Amino acid sequence: MSLLRQRKPTGTSNATESDPNICQEDEKKNKAASKDKNPKKQKSWSCIDSCCWLIGWICVTWWFLLFLYNAIPTSFNQYVTEAITGPVPDPPGVKLKKEGLTVKHPVVFVPGIVTGGLELWEGHQCADGLFRKRLWGGTFGEVYKRPLCWVEHMSLDNETGLDPSGIRVRPVSGLVAADYFAPGYFVWAVLIANLANIGYEEKNMYMAAYDWRLSFQNTEVRDQTLSRIKSNIELMVATNGGKKAVIIPHSMGVLYFLHFMKWVEAPAPMGGGGGPDWCAKHIKAVMNIGGPFLGVPKAVAGLFSAEAKDVAVARAITPGFLDHDLFPHQTLQHLMRMTRTWDSTMSMIPKGGDTIWGGLDWSPEECHSPSRKRQIANDTQIANENGSEVVVSQIKHVNYGRVISFGKDVVDAPSSEIERIDFRDAFKGQSVANSTCSEVWTEYHEMGYGGIKAVAEFKAYTAGLIIDLLHFVAPKMMARGDAHFSYGIAENLDNPEYQHYKYWSNPLETTLPTAPDMEIYSLYGVGLPTERAYVYKLTSAECGIPFQIDTSADDEDSCLKDGVYSVDGDETVPVLSAGFMCAKGWRGKTRFNPSGIRTYIREYDHSPPANLLEGRGTLSGNHVDIMGNFALIEDIIRVAAGATGEDLGGNQVYSDIFKWSEKINLQL
Amino acid sequence: MSLIRRRKQNETSRPTRSDPSSIDKEDDNKKKIPAKDQNAEEIALKKLRKWSCIDSCCWLIGSICVTWWFLLFLYNAIPASFNQYVTEAITGPVPDPPGVKLKKEGLTVKHPVVFVPGIVTGGLELWEGHQCAEGLFRKRLWGGTFGEVYKRPLCWVEHMSLDNETGLDPSGIRVRPVSGLVAADYFAPGYFVWAVLIANLARIGYEEKTMSMAAYDWRISFQNTEVRDQTLSRIKSNIELMVATNGGNKAVIIPHSMGVLYFLHFMKWVEAPAPMGGGGGPDWCAKHIKTVMNIGGPFLGVPKAVGGLFSAEAKDIAVIRATAPGFLDNDIFRLQTLQHVMRMTRTWDSTMSMLPKGGDTIWGGLDWSPEEGYTPSKRKQRNNDTQIANEDESEVVASQRKHVNFGRIISFGKDIAEAPSSQIDMIDFRGAVKGNSVANNTCRDVWTEYHEMGYEGIKAVAEYKAYTAESILDLLHFVAPKLMARGSAHFSYGIADNLDDPKYRHYKYWSNPLETTLPNAPDMEIFSMYGVGIPTERAYVYKLTPSADCYIPFQIDTSADDDDTPLKDGVYAVDGDETVPVLSAGFMCAKGWRGKTRFNPSGIRTYLREYEHSPPANLLEGRGTQSGAHVDIMGNFQLIEDIIRVAAGARGEDLGGDQVHSDIFKMSEKINLQL
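Chains as they are written, first to last, in the working numbering: chain X, 76 to 743; chain C, -11 to 663.
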């Protein structure tokens, strides 16, 4: 662009020079044909000419550089990196191969939400030619080419949560399903490559790809995915000499695999009929990476106002990709309508209510303060200036428990001063929407001003009330959700109602399988501010979503930025959600863990890549980038090669997870 | 980068304009020292010519690029169905693809479907390699664009080869089959193998939970796929899963080419007791398999495989040649291409699975062969085909009077090929001394077993003059003892006298239909579907290579031509699908397994479905929808329709039973095999 613009002035200036002897070479070329023709013709020729010249030049340079790039040895990049940052450590796979580690246990990957590819098997007219092409993952080329068609095909049926008629979008299978999310943006690829270094290949690595839009039980109903995973694990254990599998779920895959473990042992037809010792016989360890065991506050914002930074991966690669006006106007509404048809998003609504996430006046966490944490961990890094500031700020009380508040003053006020008007019975009023909005119909339009006002007047919502709020604003969606997910805490786990599949993915309403030899790890990054609570405001848009995060709410002292309160975590999952179950809920023999499965917490302190050449870094603690964290990969490889949690050194904790867990008063 | 450099040129060219007033104001600001201006003037004057040259180059490239982009833009802008319109305009309305047609008929998913790809068509990717293959982790070495063959040919050969002794991975190299439908849907970009069938099945509702690709490493012997990768166990588990999750509807298996033999092996393996077999019990096939629909199956081997192993002149790697003609022939590996290829392919045990089986009983002796007197064009007349008999026809009919010795699969010299057997003076080569190694040091690079043989051995081979299917095996044992030593551990080429003999429980017999029995599954059906109407290699005329120090000492005598017999370029051709002769593809279903025979004790019903080849009418049709060629038949609408009907629940009788264009039944009659 800049090139073009730059060229133009010189081109025109050339022509404006009335001097006849412009450039000799121009003249030579024109000699035969247009020696004495009027300058106008020359001008036009010169313009096209210079354009062509310019493009030719760029092409040639580009090709030349491309040639050079291809000609340099592949290790060149490494040399440069080494020259700048000193010798790069061996990748963990190479290092551990030198130590003599080799394939032992088969490995199963369970990808999370968003990261798995989806491809089209049957579509409407507009999706002609996309058969078996990726709609999700890959280059996302179709989003730009035919956005509305894309939204139509990615959406599910609003009533059933299954395929709309005439559309079949199915998960990609095999390791390719989630090795790269988009070209160059790895998810599992680094881990796969390192495992391959010590001898793994496709016969002992398996990607348990599933359609991440569906509710967990529906993946079995529609695609028999759970049966597939069961059969594959059985096969891999059998063909590897009876060595049990190491399961590596990531993100929502963690919940999916919790569901799987209950499903597989439950009797058919609701379950897989594997018998009560299936997990004990087939699973050595479950190594959860960044698991949102207790949900993520982000999911609330996503469902409430489509401002999900949960689609974090997509945003990370193409910032603004979801924000700008791809679909003429109303991007967010289209997005909301689409995501609201995805049952799986409801699996990540915060679970355990006020007991876990805090009430109006208390919360287990304190304000996130990376520098302070570093000091505790005896990190060698020098505490930066912010350190003292943040330590001071801790004196200030932060009401994380109020996951959604309307207005900043409401957040800071003591609960006694907040006047709340119950919204639950409020009259929803007439539909606001007029016909112009019908294209992007969200459930908000059925609610009316009365309802919207009632919601805002309740002022502060804790985790428990969030569920009621969502029921109020999106009754259809939550009706589907209630059939598949549950967000409470079980009083009595022996109650037969808990045999229903909707409880299987909530660790607070199920027991772990009877498998005393199994190990459960919780591996997650820490040291990044992670969304925890929101300050909302009303918008006045007629067709818009009536609620919006109040980005003007800012408070340097209390971790409030752009209307979002943050705590320690991996940018998506707060420490509390990722760590609590392994730190306390399942530690030792508890009622959630009757057979005393050993649990380990492995935290990885985030440090950003030192320079651009490192790409996404080898020490990242970010929710997705952690999949390239060398320390994490090393831990996984060691376990896959036979190590137990004790061999790794037990827990590795940087955050205050144990302290925070203490504060939670949960009957164990 | 480009910005800076270009800017410079501009500046140097500008000062040449002698009129100072014409210089832009900004230029004025930039260059405050006039002295520099003058200096530049002199240099620039010299540069003018040069600049002009570069300039016009750039201009040319630029205009080409712009035109290209413009056309590309137009191409992208036209609707996707444009191609169809053009085709319709030229050839009239195109029939609906079978999937669409059958969907309208109301057919829908019933039986899960398993594809078993053949040799060559499946992708292979690198999991561990040597230094030279850096950066190729999980990239395809085989299939796809084959970019690496051109970039680093020797490295590629090294990684594609297997260990010469074990037939498994060489140390430090792991090349593994790609899994999933992508393994063999397209062989190379745009060159479909299974993709058309998959797309048509998807029309009536199939998806990945009801379709699976039984991809395996087609380089290694069948039993070794289990030993190394547990592929057979994987297929077993997958079929069991699919049958279970589809409400107990049995699977329809669709093997292609060598996959046919692989699946024969599988059916024996799965019922054999562990550890040699899969331990599925004697009724596994009866419980899990509805139909086996073999496409272009080389049940009794292909003569091409002989040509391939003997002198690396395999047109067996037909697909590659079809996509990139000359790909293997030209000198990408400086000289010695063929030797490199031979060394590589000889490490692939699987190629030996396709040597002609059944010896002289099936393939004919020195003086007779089952195919005598049946040539493609004659058949056409009998079938009342609407096509106009072309000029060649009368000629070929006349030629039938001349006796063709197809039984002599290899003859040295054209005269030998035509002489009556009594006149051939055969000197037994089997006891011949192989003599000293011919090879000198310069040949090290491409060491093939020929170099260990010496001139005497080569001469002895040539002096035996004519080889039938049976003596071919001895010949290969003689010229490539190491290869055949590996081969005979995994494959067998004979005919069983007594199938109850316990020795036939060994896995090496499992892929030879003449040495195994079909499983005990009376409800199962076996189809043999193949193309006919294309000349197919059947016998060769060889010659000694004149002065080969480092070369392969035998060569097809391409000068041997005979207008009266189907001899062309040293190759005798019969009816077939360009790779597999009708005899090999059809005999078992036409006779060997028909009814209750000793090879088919439970009387599994067999059906022959032949598809008459007709080449695509014009270029727009691509590889045609009525092709009978070995691989292109996968896009044959009729064949796809048959498969979809069976997958949706039809039986062989519903399809209309046998559909035969060739003389397969007559040929089969001539074969004297105890049933």
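Everything labelled a hint here was simulated from the structure, so no lab data went into it. The reader is advised that the hints may include incorrect statements.
With a straight-line Cα cutoff of 25 Å, these simulated PhoX-like cross-link-like pairs (lysine-lysine) come out [claimed, not checked]:
no.: 1; chain 1: C; residue 1: Lys127; chain 2: X; residue 2: Lys278
no.: 2; chain 1: C; residue 1: Lys654; chain 2: C; residue 2: Lys584
no.: 3; chain 1: X; residue 1: Lys208; chain 2: C; residue 2: Lys654
no.: 4; chain 1: X; residue 1: Lys208; chain 2: C; residue 2: Lys89
no.: 5; chain 1: X; residue 1: Lys170; chain 2: C; residue 2: Lys127
no.: 6; chain 1: X; residue 1: Lys170; chain 2: X; residue 2: Lys356
Note that the coordinates shown come from a computational prediction; the quantities given were computed from them, not determined experimentally.
Here is what the structure says about each hint:
no.	hint	in the structure
1	C/Lys127 to X/Lys278	holds (17 Å)
2	C/Lys654 to C/Lys584	holds (20 Å)
3	X/Lys208 to C/Lys654	violated (48 Å)
4	X/Lys208 to C/Lys89	holds (23 Å)
5	X/Lys170 to C/Lys127	holds (23 Å)
6	X/Lys170 to X/Lys356	violated (31 Å)
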